[in-house]
Amino acid sequence: MNKRQITLIDSQKIPREEYLERLRNLKHKKLIKIVTGIRRCGKSTVLEMFRDELLNNGVEENQIIFINFEDYENKSLRNTDSLYDYIKQRLTSKMNYIFLDEVQRVEDFPEVVDSLYIKDNVDLYLTGSNSSLLSSEIATLISGRYVEIKMLPFSFKEFVKATNQTENFSSAYRQYIETSSFPYVLELLQTPQEINAYLEGIYNTILVKDIIDRKKIADTNVLKSVTQFLFDNIGSELSSKKIADTLTSNGRKSDSKTIEKYVTSLEESFIVYRANRYNIKGKEYLKSLEKYYVADIGLRNFMLGKKSMDVGHILENIIYLELIRRGYSVYVGKIDDMEIDFVAQNSQGNTYIQVAASVRDENTLKRELRSLQAVKDNYPKLLLTLDDDPEADYDGILRKNALDWLKG
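Be aware that the sequence shown starts at 539, since it is given in our numbering, and climbs by one per residue.
Take these hints with a grain of salt, some might be off.
Computed beta-carbon distance windows for the label pairs [unchecked claim]: (1) N600 / D646: 22 to 30 Å; (2) S794 / E608: 31 to 39 Å; (3) S653 / N706: 51 to 59 Å; (4) D609 / D931: 52 to 60 Å; (5) T786 / P928: 44 to 52 Å; (6) D793 / Y932: 24 to 32 Å; (7) K844 / K904: 40 to 48 Å; (8) K945 / T630: 22 to 30 Å; (9) R790 / Y932: 41 to 49 Å; (10) Q728 / Q627: 39 to 47 Å; (11) R790 / L593: 46 to 54 Å.
By construction, these hints were calculated from the structure, which means they are not laboratory data. For every residue, glycine included, the Cβ atom is placed at its ideal position computed from N, Cα and C.
Given the sequences, and given the hints that come with them, work out the whole structure.
Written as structure tokens, this is what we have:
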């Protein structure tokens, strides 16, 4: 791709509109707003954008308390008593907007959050890079008082907008999967040799700060092997036993219980996502042979190299993340002895989705349609591919270009 043809927009100026809209809708609601997601996906930037909106709409600066606990200058505020006193001294008689960024760095932070919540004229916003933020004991303490906003790195639609590649979506998609969806990578597109170094920093921070240190993991080599295995097998049916057996055969002896602990830790850090299986005919959720997807294809490239560019599974990964962005609960569908890539569920019912790089081969098309045809209800059925062909309808199954769907 000719870099000179790409006009970049500052990554800090791309409005993450879907997340900002949720914050606007929740403003002044007596709920704790908790934005969660993988490190460097843009949580702090979204809060800063929302803070700037408040200031532009007449809120005074002394009504806003914004603390980033990753900043060393705020180290003393990681103590609960110091934090509470600091905030209490700054509360005004008007509405107070309190932003606590990476709040999991504060020892016993739920006590402070709960105390602030019960005060009048307090609108409370938190971010965290680990789902331990909402572990059972914390969720119990603030049960019914919070709403979680799950955040991901740039979607394909956001990436296209940020790089001004509105005329060539295929080229934009190729760059999207070859570089990264983390917002700051936009600043590095002109110096691609720096992208891997940046992704390495994110990867190491997640493994060390969010998993190894927090979980007190001694065998870091097995953890790294598990991570690499999951990255290498996105979209494949896996189990803890299968992973343990594979690692053991490769000289990394482990057991299912340890593997499950490590996989759960990776999920809690939002670096991988688990899709459980759903029996469509029996309408039951299954607890075996789940699939995993990675939060950013760039991280996968960093670990495995671009020789592992499995086009079909990468597309499947991106479709999965987009469904999560759109608010669906996503499962792998099972019907008889066949599989449907995704059963996406929301309050309006199911959407069944098959994903394939190409279905121009007639046998491939028949195979991809077969499982969708076996579903006899009237919910939407989609076949998403990278084929740049007109849309087609196969007795109610809509075949659509995946990039058009991602832009929608």
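Quick rundown of the hints versus the structure:
Between N600 and D646 the beta carbons are some 27 Å apart, a value that agrees with the proposed interval 22 to 30 Å. Under the hint 31 to 39 Å, the C-beta atoms of S794 and E608, about 35 Å apart, fit the expected range. A beta carbon spacing of about 53 Å between S653 and N706 agrees with the range 51 to 59 Å that was offered as a hint. Roughly 54 Å separates the CB atoms of D609 and D931, a value that falls within the hinted 52 to 60 Å.
Range check, T786 to P928: about 50 Å between beta-carbon atoms, so the 44 to 52 Å window is met. Range check, D793 to Y932: Cβ separation about 46 Å, and the 24 to 32 Å hint is violated. At roughly 32 Å, the beta carbons of K844 and K904 sit outside the given window of 40 to 48 Å. At roughly 44 Å, the beta-carbon separation of K945 and T630 lies outside the given 22 to 30 Å, and the hint is violated.
Checked against the given bound of 41 to 49 Å, the beta carbons of R790 and Y932, roughly 45 Å apart, stay inside it. A hinted range of 39 to 47 Å holds for the C-beta pair Q728 and Q627, which are about 46 Å apart. Checked against the hint of 46 to 54 Å, the pair R790 and L593 passes, with Cβ atoms roughly 52 Å apart.
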